[in-house]
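Participant: Sequence:
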Amino acid sequence: VSRLFGDTVALDSVSFSVRQGEFFSIIGPSGSGKTTTVRMIAGLETPTGGTVRLFGRDVTAVPPHRRGTPMVFQSYALFPHLNIRDNVAYGLRMRGVSKPERRNRADDLLALVGLEGLGGRRPEQLSGGQQQRVALARAIATEPRVVLLDEALGALDAALRIEMQVELKRLQKELACSFIHVTHDQSEAIAMADRILVLHRGRLEQIGAPAEVFARPKTRFVAGFVGQNNLMDATPTGVTDDGLHKIRTALGEFLAKGSDGHSIVSGEPATLIVRADALRRVTPPQTPNHFKGTIAGARYSGTTVTFLVKASDGTEYRMEEPESLSHDESHTGGDQLRIGDEVLVGWDTNHAYLMQRATTH
Numbered sequence: 001v002s003r004l005f006g007d008t009v010a011l012d013s014v015s016f017s018v019r020q021g022e023f024f025s026i027i028g029p030s031g032s033g034k035t036t037t038v039r040m041i042a043g044l045e046t047p048t049g050g051t052v053r054l055f056g057r058d059v060t061a062v063p064p065h066r067r068g069t070p071m072v073f074q075s076y077a078l079f080p081h082l083n084i085r086d087n088v089a090y091g092l093r094m095r096g097v098s099k100p101e102r103r104n105r106a107d108d109l110l111a112l113v114g115l116e117g118l119g120g121r122r123p124e125q126l127s128g129g130q131q132q133r134v135a136l137a138r139a140i141a142t143e144p145r146v147v148l149l150d151e152a153l154g155a156l157d158a159a160l161r162i163e164m165q166v167e168l169k170r171l172q173k174e175l176a177c178s179f180i181h182v183t184h185d186q187s188e189a190i191a192m193a194d195r196i197l198v199l200h201r202g203r204l205e206q207i208g209a210p211a212e213v214f215a216r217p218k219t220r221f222v223a224g225f226v227g228q229n230n231l232m233d234a235t236p237t238g239v240t241d242d243g244l245h246k247i248r249t250a251l252g253e254f255l256a257k258g259s260d261g262h263s264i265v266s267g268e269p270a271t272l273i274v275r276a277d278a279l280r281r282v283t284p285p286q287t288p289n290h291f292k293g294t295i296a297g298a299r300y301s302g303t304t305v306t307f308l309v310k311a312s313d314g315t316e317y318r319m320e321e322p323e324s325l326s327h328d329e330s331h332t333g334g335d336q337l338r339i340g341d342e343v344l345v346g347w348d349t350n351h352a353y354l355m356q357r358a359t360t361h
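Following UniProt numbering, the numbering of the sequence shown begins with 1 at its first residue and continues without gaps.
Don't take every hint at face value.
Said to hold, decoys possible - Straight line, CA to CA, 27 Å or less: simulated DSSO-like cross-link-like pairs of lysine-lysine:
(1) K257 / K310
(2) K257 / K292
(3) K246 / K292
(4) K310 / K292
(5) K246 / K310
(6) K246 / K257
It should be emphasised that the hints constitute simulated quantities derived from the structure, not laboratory data.
Using the sequences and the hints, build the whole thing.
Facilitator: This is how it looks when you write it as structure tokens:
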């Protein structure tokens, strides 16, 4: 499908399918087209070109209320004048379900999402996490085969978001329906999704299992967006007897593996990809891949510390260490690192790989 807003291309010939019973996440930066995509599935946006099909049926011209694709929003969108039970039962009421049956179904759903006994309360009497559970119960009340989630956990605090991630995944498996989940939070998608679709500037960059997208990005954009990867401009100069690529960079000559499924042409621009947790303090000749830098910053995140290492060409690279290691004076490199310290950093050849620039967007 494609979607234009005037001269602005929101989606550019994006094509994908979601499997029955799959938790499918769509990620990308702001303006990438993720919300436009899910709104087209819901029927809230009409494609400029292409079709939307649900279970083999063309629904491109079908209005939202006839698609059976309820959407859960970040804002919850609960009716303030209705109690929780009536909010959950609203869709059933619109379908003409009897009041006793609506009540029983709503109470069963509230129990399913952990809100048993709260049906008589108003939305304002519940916490944000509880309101999100109500919105989810309302979405599944009509037993849809597809549920759409548009930044559904975005308004929750960090601890509650993690709790709701577990709850959403459990509920999706129990219901055996498809969840299509839009988020800007890549860690959220990696934690919950069976497959992830990465969008950038309205184009599909990659689709695959979380581990595949995280460990083997197919484009330079995905490599920079998913996970903490360091990207280094490189030029392949040859191949060793072991099949490793010799590369030349602004920081020296290194060795690297090729990216799966991509051929590497000597002399053509390429990108060396090194994960932040693969970069470490070294002492020659531990690895042929190393360079000198200066600690330019540090970010503590509980179990890890991410250092910014400024190289001789001015580029900053991220090095992630366990928090205990960063305070271990017996660790290679000596004392605890501080801003301004000089450091020699490197990586194992097996923990980095080369991608030809022709495959980058």
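Participant: If a hint holds in the structure, say so; if it doesn't, say that too.
Facilitator: Hint by hint, here is what the structure shows:
1. K257 / K310: holds (24 Å)
2. K257 / K292: Judged against 27 Å, a Cα distance of about 22 Å means the pair holds.
3. K246 / K292: holds (20 Å)
4. K310 / K292: holds (9 Å)
5. K246 / K310: Distance of about 23 Å is within 27 Å: holds.
6. K246 / K257: holds (9 Å)
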